[in-house]
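Undergrad: Chain residues, written in single-letter form:
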Amino acid sequence: MSETVTKAAAEAVVAAQVTGTDPASVPATTGARQFRRRLRTQRAALVAACVVALLVLVALAAPLLTALEGQDPTTYHPSLIDSARGGVPVGPLGGADGDHWLGVEPQTGRDLFARLVYGARVSLGVALAATVFQVAIGVTMGIAAALGRRWVDQLLSRITDVFVALPLMIMSLALLAIVPASFPRPVLVTLVIGLLSWGNIAKVVRAQTLTLKELDHVSAARLSGWGPWRIARRELLPGLAAPVITYAALLVPQNITVEAALSFLGVGVKPPTPSWGQMLTAADVWYQAAPQYLLLPAGALFVTVLALTVLGDGVRTALDPRAASRLRVGTGRRRENKAAAAAEQGVSS
Amino acid sequence: MRQPPLTARRVAAASIGLLVAAGAAACGPEDNDAKTSGGGSAPHQGGTLTILNRNPQQDFDPARLYTSGGGKVPTLVFRTLTTRNRENGAAGAQVVPDLATDTGRPNKDATVWTYTLKEGLKYEDGSAITSADVKYGIERSFAPELSGGAPYLRDWLVGAAGYQGPYKDPKGLAAIETPDARTIVFHLNKPEGEFPYLATQTQFAPVPKAKDTGTKYEEHPVSSGPYKVVRNDNDGERLTLERNTFWSAKTDAERKAYPDRIEVRSGLDSSVINQRLSASQGADATAITTDTNLGPAELAKVSGDKKLAARVGTGRFGYTNYLAFNPRVKPFDDIRVRQAISYALDRSSVVNAAGGSSLAEAATTFLPNQKSFGYEPYDLFPAGATGDAAKAKELLKEAGHASGLTVTLTHSNSQDFETSPEIATAIQDALKKAGITVKLQGLEDNDYSDTIHDVKTEPGFFLAHWGADWPSGGPFLAPIFDGRQIVEDGANFNTGFLDDKSVNAEIDAINKLTDLDAAAKRWGALDKKIGEQALTVPLFHPVYKRLYGADVRNIVISDWDGVLDPSQVAVK
Amino acid sequence: MSRLSALKGLSSLSGLSGLKDINGLRGLSGFAVLSGFGGFLVRRAVGVVLTLFAVSVIVYVVFYVTPGNVAQITCGPRCSPEQVHQVAQQLRLNDPLYVRYWHFLEGLVAGQDYSTGTSVEHCAAPCLGLSYQSDQQVTGLILTKLPVSLSLVFGAMVLWLVLGVGTGVLSAWRRGRPTERVLTAVTLAGTATPVFVIGLILMIVVCGELQLLPFPQYVNLTDDPEQWAWNLLLPWLSLALIEAASFARLTRAAMLETLAEDHVRTFRAYGVAERSIIARHALRGAFAPVIALNANNFGSAVGGAVLTETLFGLPGIGQELVHAVNVVDLPVVVGMVLVIGFFVVLANAVADVLYALADRRVVLA
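Chains as they are written, first to last, in the numbering used here: chain H, 716 to 1064; chain S, -18 to 553; chain U, 19 to 383.
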């Protein structure tokens, strides 16, 4: 749900701001190779990265996988359900067998594996696309505020404040109400999430840009008469990469949960397009008669969000180990904790 | 307009049967003939019956109730001129005398109906029930402040169209005569052979003029039946009924009235109701519900548990869910397109979406599959179990849609398994094989019923349903297919705009019949004739499954309303 | 602005107490002459008003300047052309945008009369308009639903603060031991579980399988406080478990920070018991950031409350919002968004003040 990550977001804001107040830690130390090396030392993050890669692969290859299974997500199979018993799947394990790997949906007999992997497409597709929007808007607004004149900064910062104050779930719900039903739903959900929830990233970028602006090489570029666009592209964006990537990695799981929540409430993706949130809504009554129908989408959602969160934390640790160590979550092992404690002491002394 | 607490309700509903084993143990030794009719011995007199319902009895004024056969809880308090036969199944769809000595004596062309009241009928205060009280009860129902009943009395009684009720017009209705205290005569506009069915409705319950408190009457309606209202809290949410000592079983062959006391608890979630009934703890062991069915997932759970399955009552109410066409909208003006869709339809998917074969029976006739409706099995466009795609494609080709057809199906967004998205999605799939692409248009509940019943906004292709006010073909076919009932500005139910002279004439002819069996046969034949127009595609008739408590005996469910009859129930 | 100032406060965690960036307050530089705590309060109050004004502008523009027929959407699909015309008059749709907005704002602040053709109905301030579909005033509608939502959110808030801070303290105290690893894993799982999944599972297990609690049905606090709490327990838990996770993370981090400071090491060297250090010093250090995070998360918790209410069938404003969205009852949707926005902005301001009380450095900066 949005809150899980908004708070992670808050922490990221902190972490990034910490970075921002300490120019020395910014670009030079965060080479791509070093980043990979740091990421590799975190076992949990590595596992999470593999899970995420697998999920993306599954989503991309959904048509292929279902073809391999010989099924599709929308065809009804009346013969696979017990009509006299309310349409509960025939056979043990919800009708799972060689033809239907994860069983079939009660009442319709639609293939659950196919619906699950096509649901992954919606989930990941919407979340990633929305993240791109959020980053694009956030970075643009942040840089514009930081490099613009004072009144521009005032105006943009105020707008950003308001967008931070508007609760994402509430606004998305409300916006989805007024858009005609004919508008393609997944695109709409992507746009709504993307256009609403860029406030925090804009703040991070603005703060970081203000810091970078004072650095020698940026000042030099400015003095030698480079235009703001060229400065932004050549001098600022590389320095912004670390906090932006960190933040974006935290936005993805947030967007996944928001999409699922909207579909769960019945205002997101509409049937017959499969989505995990929607499956959960339909499955709740079947938890006793056909438990796998509920457990599959719930499990998929849990694993996806967990993997993305752990990966996000890993990315943050790899990009800025000092800030992250203070707020680190579950990637902790004993030895690392000691190291972190040492780092803490180093900071305070 | 209330948004139901969906998920909680649904989850709770699904959790049926969890405490059953524990509950049974707590109840001590098992009584195994728990099912019907009390296992041979006479049903037990006394005890308290609890009724757990979703909807409160907000209207408890006989003038305002719109019930079929006198209603469920109201039938315990109100007696009417006639009533439904309190028997299981098809026998229960017959009309029998109640306050009157017979089901009514018509004149030759069925425009005048005469009833005589039984002797010794008394209200809860011991005063006598007179024919003038029945007349007064009917007149009250014309008062604008007591609206809510069925429209038939206004349409049928001579000179009643503009009548505003006894408060404004104390002279009353001349169309109802009461020559003496036990006789009442009705004069009708046109022949109505089915008048005895109408006389089962609560508007035909006696109301003593001296006790009439207008809109406040429903707080304490005066009982003519076996129970009287002793408590009515929160607008019908909690009711307590106790024996009416002046009611006599000798004058009432229909109501058994075994329990001494009846407690109605409503405003509950359907999940909570089903969960309490399945657990059957304490007072819930002697509880029933008159308005809450088992859903598909609940049924899947219950049917896997023998003890629970034995406590499920099955009933049928004359009701049809169907696909409707609007021939004023292209391409549905072409009968071949309508036929093609009829042929293509895979009903098994639709039945499954409606809850499976135990909760829905596939329909090929518009009339419900019950004898009293004159049901005559026919299947004019045989689609088989899975649809006849070849035949459908052939017809579409003839109609100039060789490359396939795309249509929009309008449905509601309610969660009723009738016009809901699940059914619409199933139809989408069911027509796919015939090359018919269905786009879905979902409307909110209120919006939906307004849209489809307004000729200006009626969509071309939509989900609809129809239920009968009494178990006969008349109230089933006439509002939908009588050409004179097309309403251009207002609520229109003839959504197929059928205005066929021969159909209209046959409806008039059948209405003249007072032999209800003969009438039923002709309604059945008329249904088949109308079916040839392919203005509707019958989908399914619903079946009601309802749980009752472990100590409930003497279960009677008639085909009239399909509901466990509280007037017959005994509690252990 | 509130959030940034709160977060800026958080950055003191780093030990770099030189607070360079006060951008959040720069916009109010005109008030910078005001100093001390009183000045701070004034600045915050002005900030709240300005933010609320901006929220109302954005909400108005987003919902009332849509491409469709606003009067028709507002009135509902079943309105006659005459009624739609009436609504268009009421909303001043023929006037320029700023006039329309001003009229809208006037209604909010001073109340407004609604003409229904035959009669005139007065809608007292704060007037959020009339729901034409359900024929009632939006303010009244929201007021009847508000107690449920407030019960849910504030009850859950107590729970998540207690659970979150408690877990954080425990894992900071037991750092490096198995307890901490278990707590860390649980916390992580908490942050990764959507509220509707946790709620659903809780409901299934607690109400369905174990039958420890009845399926929740809202009871008024004033009617029966015991039943009120009993019925809200599960919704509170669902909402709180997820929120608590991030508080646990933050508390642990803040405490570790304090525990690493020199003076704490000095205490330890003098033999002060660890338990006392935790309680007296480390916990105090966690106070300010927890307040800041609480404000930061209030908005998202309200979003979670919508899901919780829908899940458990609690008749609060969240459920009403979902209903209004489903039937496209525009005045209700707009009213709900404004009211929720109001609470979020207010929560941020309150947290700022509390935060300032806890850490005077913010004010002095």
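Hints were generated in silico from the structure; no laboratory data involved.
Take these hints with a grain of salt, some might be off.
[To be verified] Listed next, the stretches of chain H that the computed footprint assigns to chain U, with coverage defined by at least 3 CB atoms under 8 Å from CB atoms of chain U:
| # | region |
| --- | --- |
| 1 | 849 to 855 |
| 2 | 883 to 896 |
| 3 | 977 to 988 |
| 4 | 993 to 1006 |
[What the hints assert, rightly or not] Derived pair list, reagent style PhoX-like, types lysine-lysine, alpha-carbon separation capped at 25 Å:
| # | chain 1 | residue 1 | chain 2 | residue 2 |
| --- | --- | --- | --- | --- |
| 5 | S | Lys288 | S | Lys553 |
| 6 | H | Lys985 | S | Lys553 |
| 7 | S | Lys413 | H | Lys985 |
| 8 | S | Lys190 | S | Lys149 |
| 9 | S | Lys311 | S | Lys413 |
| 10 | H | Lys985 | S | Lys197 |
| 11 | S | Lys509 | S | Lys493 |
| 12 | S | Lys103 | S | Lys171 |
| 13 | S | Lys197 | S | Lys103 |
C-beta: ideal position from N, C-alpha, C; glycine also.
Undergrad: Each hint needs a verdict: does it hold in this structure or not?
TA: Against the structure, the hints come out as follows:
1. 849 to 855: violated (count 0)
2. 883 to 896: The restraint on the region 883 to 896 of chain H holds, since 11 of its residues have a Cβ under 8 Å from chain U and three suffice.
3. 977 to 988: n = 4 at 8 Å, threshold three: holds.
4. 993 to 1006: Coverage by chain U holds here, the residue count being 4 at a Cβ distance below 8 Å.
5. S/Lys288 x S/Lys553: At roughly 17 Å apart (the allowed maximum being 25 Å), lysine 553 of chain S and lysine 288 of chain S satisfy the hint.
6. H/Lys985 x S/Lys553: Violated - the C-alpha atoms of lysine 553 of chain S and lysine 985 of chain H are around 50 Å apart, more than 25 Å.
7. S/Lys413 x H/Lys985: 19 Å, holds
8. S/Lys190 x S/Lys149: 14 Å, holds
9. S/Lys311 x S/Lys413: 20 Å, holds
10. H/Lys985 x S/Lys197: 47 Å, violated
11. S/Lys509 x S/Lys493: Measuring from Cα to Cα gives roughly 20 Å; hence the hint holds.
12. S/Lys103 x S/Lys171: Judged against 25 Å, a Cα distance of about 33 Å means the pair is violated.
13. S/Lys197 x S/Lys103: 22 Å, holds
Checked against the numbered hints above, the structure breaks hints 1, 6, 10 and 12 and satisfies the rest.
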